[in-house]
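**Student:** Take a look at the letters that make up each chain.
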Amino acid sequence: MDPTNTRISAELERKMDEAISHYPADRKRSASMPLLHLWQEEFGFISDAGVQWIAAKLELQPINILELVTFYPMFRQASAGKTHIRVCRTLSCAMAGSYQVMEKASAAAGIVRKHDDKGVHTPISLSKDGKYSIEFVECLASCGTAPVCMVQDELIENVQPAAASALLTNNQSPITKNRLPHPLEHRLIFQNIGRKDWTTDIDCYLRGGGYEQLKKAVKMSRTEIVNEVKTSGLRGRGGAGFPCGVKWSFIKADEKKPVYLICNADESEPGTFKDRYILHEDPHQLLEGILISCFALNAKTAYIYIRGEFPEGAQILERAIEEARAKNFLGRDMLGTGFDVEVYIHRGAGAYICGEETGLIESLEGKRAYPRIKPPYFPAVLGLYMCPTIVNNVETLCHVKHIIEMGGGKYAQLGRPNNTGTRIVCVSGDVQRPGYFEIEVGAVTMGQLIYDMAGGPRHGRTIKAVIPGGSSAKVLRGDERFKLKLKQSDGSMAEQEVSLFEIPMDFDSLAAAGSMAGSGGVIVLDDSRDMVWTLNNINEFYAHESCGQCTPCREGSLWMQKITDRMLLGGGVVQDPDTLKTVADNIAGRTICAFGEACAWPTQSFVEKFREEFTARSQKPIPPPMPPEYTSGELIDHAKIETMPLARNPGREETATAGTI
Amino acid sequence: MSDQVSAPPQMVNVQINGVWHEFPKGTRVIEACEKAGSYVPRYCYHKKLSSPGNCRMCLIEMGLPKMGPDRKPELGPDGKPLINWMPRPQISCAQDVSEGMGVRTDSPLAVECRKGVMEFLLINHPLDCPICDQAGECRLQEFSVEYGSAESRFLENKVKKPKNIELGPRVTLDDERCILCSRCIRFCQEVAQDDVLGFVDRGSHSVLTAHPGKRLENNYSLNTVDICPVGALTSSDFRFQMRVWFLKETKSFCTSCATGCNTIIGTREDVIYRQTPRENDAVNSCWMCDYGRLNFGYLQSEKRLLQPEILSGDKLIPAEWSVAITHAAVQLKHFSGWEIAILASGRMTNEELWLTSQLAKTLGVESIDIVPRHGPADNILLSADRNPNTNGARLLGVTSQPGARLPEIVQGVASGRIKALVALGENPIEIGLTVAQITALPAFIAMNILANDSTPAATALLPSFGFAEKRGSMINGKGRLQRLNRAVRGPGQARDDWEILRDLIQACSGRNGIYSIEDVFRQMSESVPQFAGLSLSKIGDLGVQILENAGSPA
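Heads up: the sequence lines are chains A and B, in that order. As numbered in numbering that gives the first Met the number 0, residues 0 to 660 make up the first sequence, in order. As numbered in numbering that gives the first Met the number 0, residues 0 to 553 make up the second sequence, in order.
Think of the hints as simulated: they come from the structure by calculation, not from any bench. It cannot be assumed that every hint is accurate.
Said to hold, decoys possible - Within a straight-line C-alpha distance of at most 25 Å, the following computed BS3-like cross-link-like pairs (lysine-lysine) qualify:
id, chain 1, residue 1, chain 2, residue 2
1, A, 580, B, 114
2, B, 47, A, 366
3, A, 366, B, 213
4, A, 366, B, 46
5, A, 56, A, 14
6, B, 47, A, 373
7, B, 65, A, 246
8, B, 213, A, 373
9, A, 56, B, 213
10, A, 229, A, 299
11, B, 157, A, 619
12, A, 373, A, 463
13, B, 46, A, 373
14, B, 157, A, 373
15, A, 373, B, 65
16, A, 14, A, 81
17, B, 157, A, 580
18, A, 27, B, 213
Build the full structure now, drawing on both the sequences and the hints.
**Tutor:** Structure below.
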């Protein structure tokens, strides 16, 4: 096919040229994903002609584009229905009934779901009349309003399975505004979130004192700002908790190469849904934080990498950037300082791994989001385009604004030593009032958070387990006891045995309890939950999201899922708990990026802490010596040979291209 | 500047498995371990390509010097730095050694890591080694011996992937065998400069592929087969032709252009099955082009000349070698030197060219030249000069400017001045002579491997050997003297070219004294200073640079 034969509208080509202009002239490849988004918006899917056309436009090989289309699940190679429904299947939504939602919605739309997918992505199922299509997707980052769906580009919250058919008419309530802050909260970042009188336009933001901190910051020296951030003790809110000021100080003051700031808005750790609200309800707060940080780091270009499932958020941010430009908060000679700064939006397309900073950078460079090896590719040295790059989470960058406002020292008085400031904690799962809560770090215990703030378990239920920092954090048992060093009433520190509910919600205490504060996503599981089922749901997420670059994670994540699949279907064998554990042990610490730990920790902790449930599901003696694939189909049909039940509908495993050896 | 260039590399001390070694700064840890005798298994790492660190097979324990409060390394009782071992294993393929670094390649953790990776690599990999074409030279098999398990713990269905895919005209792919190491992708990007391969899909379902509109068809595609550590990429030409453990390997070099890429010829019972590149950083790194690699089939062609023949009456009849040589000599002696032309070849070895020049001297021939051969160069390995030994022909005086004397020869034949033509491995029709002109010659002595249009016009036909059937040396385009080794025996009655030429010289001159090819080389080295002090055995497997700044003739 000759790509030059493909005709596209002048308007589309103009949009594409505009997108290309957001990246350095010799880095056109970065525009691959924006162009794919534009193509899909125009034509509904990415045809081979599209692949070739975009490759030619960006002076790339067609394989470079094909690699992306197949990596990012939001890009389709076939048309979807007129109304396309995405149902979240990740833990909190699954617990709230998203599988029933899928069934009911499919039935209402007359869709028979296919199970014969061959590849990694759950296939889109289309109704016969082409009116509707539906697919399962991984976490949509709205676990507090589970179960959620997206109909076209709109998020539908709290979808009751019984009312799932209403999805087709798309007349559900739009995003709900949250209630007033709980008395135990300390709102800094979320001051304006959920306020009925708060809008996303710049005038509203300015009325509330917006951009005053930027004006203050540009009068400070760069070193002063970095020092304030250092003094504040701010730790990254994305998951790893790395001190932000230390990260910033890796950038040399006399750096010759361009410095980039990237805002990681690829929020996708299951159980986490804080950035969503900042992006959708208070974009200027983020923008102000980014601009202060750009000034401090001498970064003339910032990219906001926003997950593809936030199309509305991307639009809101685009508008916010234009509003800020009109007031000279960004652009040439920002606020008369002589400093030129640009902020661009870069949309992801449904890959959790883009939350890993080097994976994100690769994705931003227009490649598959394969995380880089460290050493040598530490972003602060060899980041975007091999230039020094700082990647910060949305919430972290918002904190920068408040650190400038309060001063680093004052900010550091919030929270606890080494765990300063406030942070947003998201509670989902089996609680009566799931949602977000901004707390002073460590000022609230797990018990206060779950019982007082989130309303405690449903009636008649007790809490069996808590995943405290996003689904990759190690699970903690409800009846577990922990030995922690805690501040006593007289101010001294002493080791003390505490229950799960007495653990303060801070980085160090949760780490001492053997888990982590992670991204602040607390998932509560009550005594109705089957832990094998729960782990299986988590395993499916990680198997789907593994980028496939390095061996242990690529092979191990799917293997763990297949084992728990089989256990759920009654095929568990006595070795399974040990196999699960050793597979996880062989992944953690041996992969290119932290995804290895993220996918191994759930398995390690679930099997260790709920051994009895895993043992109960693995009662079969030693399995037949040969797996079914080595057994003749005929004998299996006649039930003469006992085989393992298949993990799931084996369709995806069944056929490949016909061939010999 | 010159001082810096000649300065010895800075050395750093590295402890490997408890023993301190010195390595030049900039050495990769994995290479240092290999030099120290502790080979670290690897799949994705290839020393000529970038390091993605994706296979995780080369995980080792690593440590850096323990720093005291004075920020200087703390020393142990042996005076060497104490090592602060990192808690997590590190890949050894992406880091350079540094002063005071510690490495453990055989610790329980390192071994456990490799066992873990081996298990992961094999769970979805077909275990049908007996019928896999890679068997015998498969890195999975190799490292399974040390780090594999006899029994699989994997009870699930394997991921199914496409098989038997024609990735291009010469390479076949089995995605189920692919371990996604990305060597082939990186080779295409970094060496072949043809970014055609990539991964599609994600996670455990990732597959290697090319876009259907742009396949793997560059002239270096078969190198991907060489560097594929498993049976995923196979040569469509070689696959399932022969089990590799039956192949006899002979070190040689490619004679398809002036580059002279070093090779290994794989043979069994005098049949060549494949030719693969052999590492020589002075010539071809680890690579060779597909054109040269596959250019050996003619040695097994049906057109092969198998029997010396002489013209008797009006037709060629088979003859004994002694008869054929005498017949040829008698014909040549009949004419004066100016009535004879010799069409030699840039494909001949130095030894053959030397003897050719001796023959020319014996007969007093001045009309002598080689036939130049050109094709497009590619700035990678393929040279524009498609003769492997133009430099040898120049050095040995067979030509001064390749092809310059050919018009004179053509004209001489046409005018009838030249009455005897000796064509050595060349077809005179290719220089512009007609079959009629050649047929009209009173003497046309043809020594060649294959029959061609001019062969029926020969008055004496002398079947000779191909590059894989003989020993000898050539000088590549950059002035490097390299050695051919005999990989197979020549077919039928065909003879080694140097012997034919020697016998012809003897029959013409009556002189004797050469019994072996070493004698030829010795004579040559006594007369040509560039060969002084050398012998065939001294050339070695990697050759010797004998001409400085030798440019390949355009």
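**Student:** Any of the earlier hints contradicted here, and which numbers?
**Tutor:** 8, 12 and 14
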